[in-house]
Each structure stands twice: as C-alpha cells, then as structure tokens.
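Protein chains: 2
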Amino acid sequence: MTSATMPFPPVDQNTEPIGVVHVGLGPIGRQILAFLGDRKRYRSVGAVDIDPDLVGKDLADVAEAAVSPGQVRVVDTVSGLGSATPGAVAVHCAGSSLEKVAPTFMALLEAGYHTVSTCEELSNPWATQPQLAADLDACARRNGVVLLGTGVNPGYSMDYLPVVLAASQRAVRGVQVHRVQDAGLRRLPLQRKVGAGLTTDEFADRVAQGTIRHVGLPESARIIDRALDLGCTGYEETIDPVIADSAVPLGAGTIEPGRVLGIDQLVVASRDGEPVIRLHLQMAVGLADPRDVVTIDGDPGLESVIRGLHGDSATAAVVVNSLGRVQVARPGLRTVDEIPASPINL
Amino acid sequence: MTSATMPFPPVDQNTEPIGVVHVGLGPIGRQILAFLGDRKRYRSVGAVDIDPDLVGKDLADVAEAAVSPGQVRVVDTVSGLGSATPGAVAVHCAGSSLEKVAPTFMALLEAGYHTVSTCEELSNPWATQPQLAADLDACARRNGVVLLGTGVNPGYSMDYLPVVLAASQRAVRGVQVHRVQDAGLRRLPLQRKVGAGLTTDEFADRVAQGTIRHVGLPESARIIDRALDLGCTGYEETIDPVIADSAVPLGAGTIEPGRVLGIDQLVVASRDGEPVIRLHLQMAVGLADPRDVVTIDGDPGLESVIRGLHGDSATAAVVVNSLGRVQVARPGLRTVDEIPASPINL
Numbered sequence: 001m002t003s004a005t006m007p008f009p010p011v012d013q014n015t016e017p018i019g020v021v022h023v024g025l026g027p028i029g030r031q032i033l034a035f036l037g038d039r040k041r042y043r044s045v046g047a048v049d050i051d052p053d054l055v056g057k058d059l060a061d062v063a064e065a066a067v068s069p070g071q072v073r074v075v076d077t078v079s080g081l082g083s084a085t086p087g088a089v090a091v092h093c094a095g096s097s098l099e100k101v102a103p104t105f106m107a108l109l110e111a112g113y114h115t116v117s118t119c120e121e122l123s124n125p126w127a128t129q130p131q132l133a134a135d136l137d138a139c140a141r142r143n144g145v146v147l148l149g150t151g152v153n154p155g156y157s158m159d160y161l162p163v164v165l166a167a168s169q170r171a172v173r174g175v176q177v178h179r180v181q182d183a184g185l186r187r188l189p190l191q192r193k194v195g196a197g198l199t200t201d202e203f204a205d206r207v208a209q210g211t212i213r214h215v216g217l218p219e220s221a222r223i224i225d226r227a228l229d230l231g232c233t234g235y236e237e238t239i240d241p242v243i244a245d246s247a248v249p250l251g252a253g254t255i256e257p258g259r260v261l262g263i264d265q266l267v268v269a270s271r272d273g274e275p276v277i278r279l280h281l282q283m284a285v286g287l288a289d290p291r292d293v294v295t296i297d298g299d300p301g302l303e304s305v306i307r308g309l310h311g312d313s314a315t316a317a318v319v320v321n322s323l324g325r326v327q328v329a330r331p332g333l334r335t336v337d338e339i340p341a342s343p344i345n346l
Numbered sequence: 001m002t003s004a005t006m007p008f009p010p011v012d013q014n015t016e017p018i019g020v021v022h023v024g025l026g027p028i029g030r031q032i033l034a035f036l037g038d039r040k041r042y043r044s045v046g047a048v049d050i051d052p053d054l055v056g057k058d059l060a061d062v063a064e065a066a067v068s069p070g071q072v073r074v075v076d077t078v079s080g081l082g083s084a085t086p087g088a089v090a091v092h093c094a095g096s097s098l099e100k101v102a103p104t105f106m107a108l109l110e111a112g113y114h115t116v117s118t119c120e121e122l123s124n125p126w127a128t129q130p131q132l133a134a135d136l137d138a139c140a141r142r143n144g145v146v147l148l149g150t151g152v153n154p155g156y157s158m159d160y161l162p163v164v165l166a167a168s169q170r171a172v173r174g175v176q177v178h179r180v181q182d183a184g185l186r187r188l189p190l191q192r193k194v195g196a197g198l199t200t201d202e203f204a205d206r207v208a209q210g211t212i213r214h215v216g217l218p219e220s221a222r223i224i225d226r227a228l229d230l231g232c233t234g235y236e237e238t239i240d241p242v243i244a245d246s247a248v249p250l251g252a253g254t255i256e257p258g259r260v261l262g263i264d265q266l267v268v269a270s271r272d273g274e275p276v277i278r279l280h281l282q283m284a285v286g287l288a289d290p291r292d293v294v295t296i297d298g299d300p301g302l303e304s305v306i307r308g309l310h311g312d313s314a315t316a317a318v319v320v321n322s323l324g325r326v327q328v329a330r331p332g333l334r335t336v337d338e339i340p341a342s343p344i345n346l
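Protein sequences, first through last, are from chains A and B.
full-length UniProt numbering numbers the first residue of the first sequence as 1 and each following residue consecutively.
full-length UniProt numbering numbers the first residue of the second sequence as 1 and each following residue consecutively.
Careful, some of the hints might be misleading.
A pair counts as met if it fits within one copy or between any two copies, since identical chains are not told apart.
[Stated by the list, open to error] Simulated crosslink set (SDA-like; lysine to any residue; CA at most 20 Å straight-line): (1) K57 / H310; (2) K40 / L250; (3) K40 / E16; (4) K40 / A171; (5) K40 / G174; (6) K57 / Q71; (7) K40 / R173; (8) K40 / D299; (9) K100 / V248; (10) K40 / L190; (11) K40 / Q71; (12) K40 / R141; (13) K40 / G231; (14) K40 / R271.
It is worth saying that the hints were derived from the structure and are not from the lab.
Put together the whole structure using the sequences plus the hints.
Next up, the structure:
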C-alpha cells in the first residue's frame with residue numbers, strides 16, 4: 001500500500017584482516033579451517049598439532065580450502081607461533097580437560113592471542129575449578145585479551161539461548177531445555193562416544209569409568225543459574241542408555257534390538273530441593289525429529305522450538321562466529337553470555 | 001544410572017543497589033516500574049514527566065508497588081534529577097522520534113546516566129540520522145556510559161533474536177522473520193495504533209499521513225544486515241490492512257465484516273534487487289496462533305518458532321533486563337546486538 005526505498009550505508013569495517021592461529025587439527029579443528037575459508041575478514045597465520053604426521057607440513061596440504069600453499073607450516077608447540085598481531089585469535093580444539101590444557105591457554109594469552117576453545121570445561125570453570133579460573137582470568141586481563149570456551153553444547157543450545165530467551169520475561173522461575181540429536185547423522189567418533197552398538201552392560205561399565213558422558217551440562221546449568229540469579233544450590237546428573245527396540249541401520253551394519261543407540265543424559269539443578277533447571281540431552285542413532293526445545297517457566301513464560309542446530313557443524317560455526325565477538329568483549333575469562341551477539345558473519 | 005551432587009557457589013554480586021530514574025510515566029513506563037518492583041538489585045531514585053497532573057506527586061502514588069512512599073517526587077525536567085551515582089540508569093519511555101528526544105538523551109548522558117529507551121528510532125539510528133547518532137555516541141563515550149534503544153520490536157524479536165540464531169550457521173544468505181500478534185490481547189492504544197475498527201479508506205488515509213505505521217522494521221533490518229554483513233543495498237516497506245471477513249468481537253463491541261482488524265506490514269531488504277531480509281509483522285485483532293518465526297536461509301539453515309513473546313509485557317521486560325547488561329557493555333551509542341546477554345534477572 002505504501003513503499004519506500006533507501007540505500008543502506010556500507011558496513012563500516014576495519015579492512016585489516018584478523019590473524020587466526022589453529023591449535024589442534026582434529027575433525028573439529030579442520031572443520032573450522034574450512035568454514036574460515038569462506039570468510040573474508042580472517043586469515044590463518046599459524047597452526048599447532050602434536051601429531052608427528054602433521055608437524056612440518058604445509059597447512060594447505062592438511063586442511064581444505066582455508067589457506068594458500070606456502071603460507072603456514074604446522075608446528076608442534078604454541079611457543080613456535082610467535083607473538084600475536086593486534087586482535088589475533090587462537091582457535092583451540094584439543095581436549096575437554098581444562099586442567100590438562102590450561103598451560104596451553106596461558107601460553108596463548110601471554111603471547112597476546114584472544115583464545116576461543118571447544119574445551120567443554122572452559123565453558124564455565126568458575127564453580128568447578130575456581131583457582132584455575134581466577135588464574136586464567138587474571139592472565140587474560142593482564143594481556144588485554146579474552147578467553148572463551150564455546151561450541152554448540154556447551155556454549156549455545158543449553159546456556160546462551162535460554163539466557164537470551166529469558167530476556168523477554170518479567171520473571172523467570174525455571175528453565176527447561178530438551179535437545180534431541182540423531183547421532184546417525186553425526187561423525188563416527190560421536191557415535192562411539194555415545195555408546196552406539198554396545199550392550200547395556202558395556203554401556204554401564206563405560207558410564208562408571210566416566211568414558212561415556214557428554215561434558216558440559218552442569219557448566220551450562222551454572223551459566224543459566226548465574227545469568228538469571230536463580231539461586232540453585234545443587235544438581236543431579238544421570239546418564240542412561242537409549243536402547244533399540246528393533247534393528248536400527250547404522251552405516252554398513254545394524255544395531256540389534258536390545259543394544260544401545262546412544263545416551264539419555266539429564267541434569268536437574270535445584271534450589272533447596274525444588275527443581276529449577278532441567279537440561280535433557282538425547283543423542284542416539286535414529287532419534288526422530290532432532291530439535292532444541294527451550295521452555296521458560298516464567299512470567300509470562302515462553303516456548304522456543306528450533307530445528308537445524310546440527311552438532312558438529314554448529315560447534316564449528318559457533319566458534320567461527322565468536323571470533324569477531326571476542327574482539328569487542330571485555331578482557332578476561334568470559335562465558336558465552338558475557339560476549340555481545342555481533343559481529344558474527346565477517 | 002549415575003548421579004552427583006555439588007553445591008553451586010553463591011552468585012557474586014555487587015550488593016550496592018543500582019539507581020534507576022524513570023523518564024516518562026505512560027503505560028510502558030509504569031509497567032517497567034511495576035516490573036522493577038520485583039527486582040532486588042535496582043532502586044528507583046528519580047522520575048520525570050511533563051504531565052502537570054503528575055509533577056510534584058509522590059512516585060509511590062503514581063505507580064504500583066515499585067517504590068516506597070516518600071522516596072521519589074516526580075519532577076518536570078531531566079535537570080531536576082541531579083547527577084547519577086555510579087552505574088545509575090535512566091529508563092526513557094517518551095516518544096518514537098529521535099530528533100525530538102535527543103536533547104533529553106544528551107542531558108541524561110551528560111549527567112552520567114546509562115540510558116535505555118523505548119524510542120524506536122534510537123534502536124539503530126546510524127543509517128537514518130548519522131550525524132545525530134555520531135553526536136549521541138560521542139556524548140555517551142565522553143561520559144563513559146551506554147545509550148541503548150530497545151524493546152521487543154525493535155530490540156528483540158526482529159533483530160536481536162535472528163542475529164543470535166545466525167551464530168549457529170556456517171554462512172547466512174538471508175533472514176526471514178514473521179511476527180504474528182493478536183492485538184485483541186493488547187492495550188487499547190495499541191489497537192487504535194493498528195487501526196482496528198477503521199474502514200479501509202480511513203486506514204489508507206492514516207497510512208498516507210504516516211499515523212498508522214509500526215516504527216522499527218527498517219532499523220531491525222539494518223541491524224541484521226550489519227551484524228551478518230549481508231550487503232543489502234535498499235529496502236521496500238509496505239503497509240496493508242488486515243480486514244475482517246466476519247464480525248470480530250473486541251472489548252464491549254464488535255468489528256464488522258469489511259472493517260480493519262489491524263496492520264500487515266512488510267519490509268524486504270535487498271542486495272542488488274535480490275531479496276535478502278524479509279521482516280513481516282501482522283498485528284491485528286483476533287489473529288490466531290500468535291508466534292515469532294525466524295527462518296535462516298543459510299548453511300545448514302534453521303527454523304525457530306517461539307510462542308509467548310507478548311508485545312507490551314515483553315517490551316517492558318526487555319528494557320528491565322537490559323539494565324544490568326548496559327553496565328558491562330562498552331560505552332557509546334549501542335545497538336542490541338552489541339551488549340552482552342547477561343546479567344539480566346537481577
């Protein structure tokens with residue numbers, strides 16, 4: 001009925017490319033390299049891996065389409081990278097145990113790199129490893145850079161999104177997240193990680209040994225609890241198998257009835273015995289209708305249903321889309337809810 | 001199958017309350033006062049309104065449950081507020097025209113207040129009023145405070161949320177948002193604003209006069225364009241009536257068939273003629289299934305459906321939940337995508 005046309009001004013951009021160093025060239029590290037190949041704002045300027053088969057190689061021969069030949073040679077330690085140019089970011093994809101990788105973070109921060117890592121325990125170490133968190137925070141601040149642990153989960157679907165959605169509420173009493181992922185669509189290591197094909201006894205043994213457990217749900221619960229000041233006083237975590245009730249095809253083979261398809265993991269955080277935060281992750285072969293449902297129990301309350309948050313791809317994307325965001329965040333050890341939403345697609 | 005319990009550490013909070021001054025005591029301003037009454041972190045310390053019936057009154061007699069009697073008396077100009085204590089925030093709900101309210105913003109910023117406003121044109125004035133935006137930005141930076149325009153739309157459903165959702169994508173080619181609101185559930189001024197009950201001729205006249213138009217869609221499109229670097233070169237905005245095809249009850253009366261139920265407003269931003277961003281707002285009496293749908297055309301793409309983003313309540317909530325967030329943002333004129341997601345529920 002009425003119409004108007006008006007030009008958009010060009011986006012004001014610092015045209016100097018931002019240097020990225022890659023620490024860890026496993027599946028996720030390589031996926032991030034490939035994703036960065038599409039982006040005009042970033043340039044890969046260094047790479048580190050401990051694998052002797054990779055050290056000394058040209059990064060262009062290791063990873064697809066992300067860097068020109070002759071630009072970057074893989075080294076075996078962070079000390080081989082040299083100091084950061086202003087704004088440079090290290091992308092770290094090499095381990096879930098914060099205690100083991102903390103010295104690497106310290107070295108990267110001291111060299112002046114903003115550091116973004118898929119280390120799940122880094123997503124929110126303030127409660128679990130307070131001294132180490134404080135040391136990393138101090139080191140990042142001293143060097144004027146940001147240290148961030150992120151990915152799709154932890155880092156996005158069970159912490160950042162619920163906090164973002166809660167901003168529309170007058171008050172929040174509780175938060176529920178239900179994430180359903182079809183592990184059949186994911187990479188093989190993930191299928192192994194969730195126990196696909198095991199007997200229930202084997203599954204129980206691995207849970208008891210701690211080798212079957214998705215890391216990050218308590219970290220996410222604590223991000224929600226702190227952001228929304230929900231006053232949680234404790235949590236319980238349970239890990240159960242999803243069991244095949246008929247034969248389920250997987251790759252070239254089949255998972256027989258009675259065998260394990262994957263994990264059903266639940267964290268319930270409570271305040272004085274009352275459940276407040278419920279994070280429910282189902283990651284198994286053949287699960288129908290993969291989705292992320294966030295339910296805010298609040299005033300007026302809200303339900304969000306997202307389809308399309310694929311695990312591996314989303315982890316790499318969230319990391320890549322954080323590289324511009326850490327540039328404009330306050331220096332220090334940060335959780336995902338503490339960095340701005342923009343700029344992301346540079 | 002396995003369980004663990006571990007206490008959460010108490011949330012580390014600055015226990016000093018943050019002072020809030022209220023500029024504009026209309027319906028949204030009062031709703032914000034009521035919402036703030038539930039929050040422990042904030043204390044109302046000042047109020048301004050030009051209405052002679054309010055000036056000189058005790059704020060406790062004007063607004064519900066937000067402040068104790070004898071604490072705050074309503075004054076008629078910002079200069080009557082005095083200087084801000086550290087971290088103090090002004091909540092401004094008094095007008096959509098940035099040009100008209102800019103002197104008020106300047107005065108608040110100079111007095112040291114972070115300023116959060118529902119002024120729709122403030123949500124992203126960089127393209128439409130670049131000189132004024134630059135002046136406000138410089139003033140905010142000089143005083144070390146943040147100036148932010150927000151609300152549910154613009155400020156959340158059509159800009160912040162799509163940017164947040166895009167962070168899960170390897171690449172984004174386009175963004176579509178469809179917001180459906182039942183104006184029958186909203187306050188009376190909103191029903192008038194969308195033209196409920198008018199003839200189609202009356203509606204057309206008011207659109208031509210510019211009195212029927214939801215302000216903010218181009219501002220939201222520009223936030224998305226800039227955050228995701230989509231390179232839009234122009235946009236078109238159309239405003240059509242939603243027309244009753246049968247009698248629709250409203251309050252004590254009825255809207256007859258053929259009369260207007262509300263607006264159907266569309267902004268399509270394009271890059272060299274190709275549509276890239278599509279923001280579609282339907283706000284009319286009796287619309288079924290109120291919802292916010294965000295579709296990201298990207299790699300791998302995503303669809304998000306939210307139910308529960310009620311207009312008035314969400315605007316007041318988004319403003320209240322921004323007060324903690326501006327404290328930790330970089331000083332200056334900011335758009336919603338530039339402030340962190342936390343802390344919000346203090």
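Verification of the supplied hints:
For the identical chains of this complex, K57 and H310 are neighbours neither inside a copy (31 Å) nor across copies (56 Å), given an alpha-carbon limit of 20 Å. With identical chains, the CA atoms of K40 and L250 are never at most 20 Å apart, being 38 Å at best within one copy and 53 Å at best between copies. Taking identical chains as interchangeable, the C-alpha atoms of K40 and E16 lie at most 20 Å apart only when both belong to the same chain, with a minimum of 10 Å there against 45 Å between chains. Taking the closest pair of Cα atoms, K40 and A171 come within 20 Å of each other only across two copies (12 Å); inside a single copy the shortest separation is 41 Å, beyond that limit.
With identical chains, the CA atoms of K40 and G174 are at most 20 Å apart between copies only, with a shortest distance of 18 Å across copies and 41 Å within one. Taking the shortest Cα distances, K57 and Q71 sit within 20 Å of each other inside one copy (11 Å), while across copies they are farther apart (71 Å). Proximity of K40 and R173 under a CA criterion of 20 Å is satisfied inter-copy only: 15 Å between copies versus 43 Å inside one chain copy. For the homomeric pair K40 and D299, the shortest alpha-carbon distance between copies (17 Å) is at most 20 Å, but the shortest distance inside one copy (43 Å) is not.
In this assembly of identical chains, K100 and V248 lie within 20 Å of each other by CA distance neither inside one copy nor across copies; the values are 38 Å within and 66 Å between. Taking the shortest alpha-carbon separations for K40 and L190, neither the intra-copy value of 31 Å nor the inter-copy value of 44 Å comes in at or below 20 Å. Within a single copy, K40 and Q71 get their C-alpha atoms as close as 16 Å, which meets the 20 Å cut-off; across copies the closest is 55 Å, which misses it. Within a single copy, K40 and R141 get their C-alpha atoms no closer than 28 Å, and across copies no closer than 30 Å, so neither meets the 20 Å cut-off.
With identical chains, the CA atoms of K40 and G231 are at most 20 Å apart between copies only, with a shortest distance of 13 Å across copies and 43 Å within one. Taking the shortest Cα distances, K40 and R271 sit within 20 Å of each other only across copies (18 Å), while inside one copy they are farther apart (47 Å).
Hint violations for this structure: numbers 1, 2, 9, 10, 12, all remaining hints satisfied.
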